[in-house]
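Enquirer: What follows is the residue order along each chain.
Number of protein chains: 2
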Amino acid sequence: MTYQLDRETNITPAGRGRWRADVSPHWNIGENPNGGYVAALVLKSLLAEVPHPDPLSVTTHYLRPPRSGDANLEVEAVRAGRRTSNATGRLIQDERPRLLMLATFGDLSTAGDDRELTANPPPDLPPPNECVARASLEQGVHLPILDRVEAVVHPDIAQPGTLDEAEVRGWIRFGDGRPIDSLGLVLLADAFPPSVFTRFGRIGWVPTLELTVHVRRSPAPGWIKAHLVTTDLHNGLLIEDCRMWDENDRLVAQARQLALLNPAPA
Amino acid sequence: MTYQLDRETNITPAGRGRWRADVSPHWNIGENPNGGYVAALVLKSLLAEVPHPDPLSVTTHYLRPPRSGDANLEVEAVRAGRRTSNATGRLIQDERPRLLMLATFGDLSTAGDDRELTANPPPDLPPPNECVARASLEQGVHLPILDRVEAVVHPDIAQPGTLDEAEVRGWIRFGDGRPIDSLGLVLLADAFPPSVFTRFGRIGWVPTLELTVHVRRSPAPGWIKAHLVTTDLHNGLLIEDCRMWDENDRLVAQARQLALLNPAPA
Numbered sequence: 000m001t002y003q004l005d006r007e008t009n010i011t012p013a014g015r016g017r018w019r020a021d022v023s024p025h026w027n028i029g030e031n032p033n034g035g036y037v038a039a040l041v042l043k044s045l046l047a048e049v050p051h052p053d054p055l056s057v058t059t060h061y062l063r064p065p066r067s068g069d070a071n072l073e074v075e076a077v078r079a080g081r082r083t084s085n086a087t088g089r090l091i092q093d094e095r096p097r098l099l100m101l102a103t104f105g106d107l108s109t110a111g112d113d114r115e116l117t118a119n120p121p122p123d124l125p126p127p128n129e130c131v132a133r134a135s136l137e138q139g140v141h142l143p144i145l146d147r148v149e150a151v152v153h154p155d156i157a158q159p160g161t162l163d164e165a166e167v168r169g170w171i172r173f174g175d176g177r178p179i180d181s182l183g184l185v186l187l188a189d190a191f192p193p194s195v196f197t198r199f200g201r202i203g204w205v206p207t208l209e210l211t212v213h214v215r216r217s218p219a220p221g222w223i224k225a226h227l228v229t230t231d232l233h234n235g236l237l238i239e240d241c242r243m244w245d246e247n248d249r250l251v252a253q254a255r256q257l258a259l260l261n262p263a264p265a
Numbered sequence: 000m001t002y003q004l005d006r007e008t009n010i011t012p013a014g015r016g017r018w019r020a021d022v023s024p025h026w027n028i029g030e031n032p033n034g035g036y037v038a039a040l041v042l043k044s045l046l047a048e049v050p051h052p053d054p055l056s057v058t059t060h061y062l063r064p065p066r067s068g069d070a071n072l073e074v075e076a077v078r079a080g081r082r083t084s085n086a087t088g089r090l091i092q093d094e095r096p097r098l099l100m101l102a103t104f105g106d107l108s109t110a111g112d113d114r115e116l117t118a119n120p121p122p123d124l125p126p127p128n129e130c131v132a133r134a135s136l137e138q139g140v141h142l143p144i145l146d147r148v149e150a151v152v153h154p155d156i157a158q159p160g161t162l163d164e165a166e167v168r169g170w171i172r173f174g175d176g177r178p179i180d181s182l183g184l185v186l187l188a189d190a191f192p193p194s195v196f197t198r199f200g201r202i203g204w205v206p207t208l209e210l211t212v213h214v215r216r217s218p219a220p221g222w223i224k225a226h227l228v229t230t231d232l233h234n235g236l237l238i239e240d241c242r243m244w245d246e247n248d249r250l251v252a253q254a255r256q257l258a259l260l261n262p263a264p265a
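Protein chains in written order, with numbering that gives the first Met the number 0: chain A, 0 to 265; chain B, 0 to 265.
Isolated chain A (complex conformation) (with noise of 0.2 angstroms):
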């Protein structure tokens, strides 16, 4: 069986350090494609070319908005060591730079020392089957990333622009089963509604300038717990923190954006 992701990522070879792909419009927010998706949709062809098969440190600054349809992908790989190795991508289509991507990666299934530093605890979250879905938080603009990502709130943030906090807290995995890996959660660190938006409400679209995303520990089965967070918004500019563990409570990614809040409307 494959996946709807790893067939709506598919890329084709075109040369050295180039790929075409097909961005596909199921994962759209309004007219846009998501963030995530085309972040793991790029991060496809730096993985094809790097010996490691994780992701560690994923940046992806957003130049301009991509659009449904063929794209072009370059990439080089720079680096490969023991341990890790760098690569960097963008995504091209009508002859202009879409995302620029910089990335490390390594295997994170290679045991090694045994120090551990875990102050991150997960958010107070009722079971999936107790929180609220994110397509009844948005009347008017049309998600079919709703179609492929299933994403659950915690009640209280039912009402936008009611909380003092901005703050996102809810259960997230992908609508046909597939597995989450080190690329789903790439994708995953960037599909949640803007945390801005349980402060502000209806704040239009935020889009992002450049996400980090740093991928931990391989997930167990099963749902992902996120917490989204923005205490820090200035002129305009938001850093928005997340951290995802699995069901078993553990880290497995953190991430941290910079994305734009559009002026409120007059």
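Hint data in this document are derived by calculation from the structure and do not stem from the laboratory. Owing to the predicted nature of the structure, the values given are computational and were not obtained by experimental measurement. Treat the hints loosely; a few may be bogus.
[Said to hold, decoys possible] According to the in silico footprint, chain A covers these stretches of chain B (three or more CB under 8 angstroms from chain A):
no., stretch
1, 57-66
2, 113-119
3, 205-218
4, 225-238
5, 248-255
We put the CB at the ideal spot given by N, CA and C, even for glycine.
We have chain A already, so just place chain B on it with the hints.
Expert: Just chain B now, with coordinates in the frame of chain A:
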């Protein structure tokens, strides 16, 4: 007057998108140039090619340790928009890339939206003259950087390896009084001892694999207050978070790095 940092990050043009630099030994940690210093040097070449004055988001990947002496810098200014621009760069020595950089630029002096979130209070910290010089903590390793950067830390961390938390709190500024601008913040985000030092004691060099700095505000004149903490160490890889405030307790930068904890001595 020319400040030390500006003199020691001087770059000269060497063709389209190419610059030459001289990596100074004055910012070394032992035998290696400090990662923040080399990031600032590469950043200078990107700033020379983009229309905006301030780095907003700077990701640096450290592939191989740079060394003192001649270096080539290669820059690509990928996009110039009204509000932000994007560029990539790399530092090359002996024909091998040592650092890769991907950054977004803007203008911190632009006034804009007045919606604000600032749930990042600075840490408890006595005034600089009641803190302990970083120099007094580091027996045995030669730290030329301490002639360039003045760093003092909370008296509580004077004994490495004695705390449960992997945490450093301190003040920092340039030794020659150079005002701290957005470039300076990128350097200073990687100029304290690693926070795992307080938890595990003398653990040797903690090589940074990747560092992302978000510059949030232009600092007021004076010291920078910094808080560095590692809450996520697993399998020899750690995430360290750094936040910096100016003397008015305004959050001026956030940074996060992925670093390698070398194996414990047998």
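Enquirer: All the hints need checking, so say for each whether the structure fits it.
Expert: Do the hints match the structure? See the list:
no., hint, in the structure
1, 57-66, "holds (count 4)"
2, 113-119, "holds (count 6)"
3, 205-218, "holds (count 6)"
4, 225-238, "holds (count 10)"
5, 248-255, "holds (count 3)"
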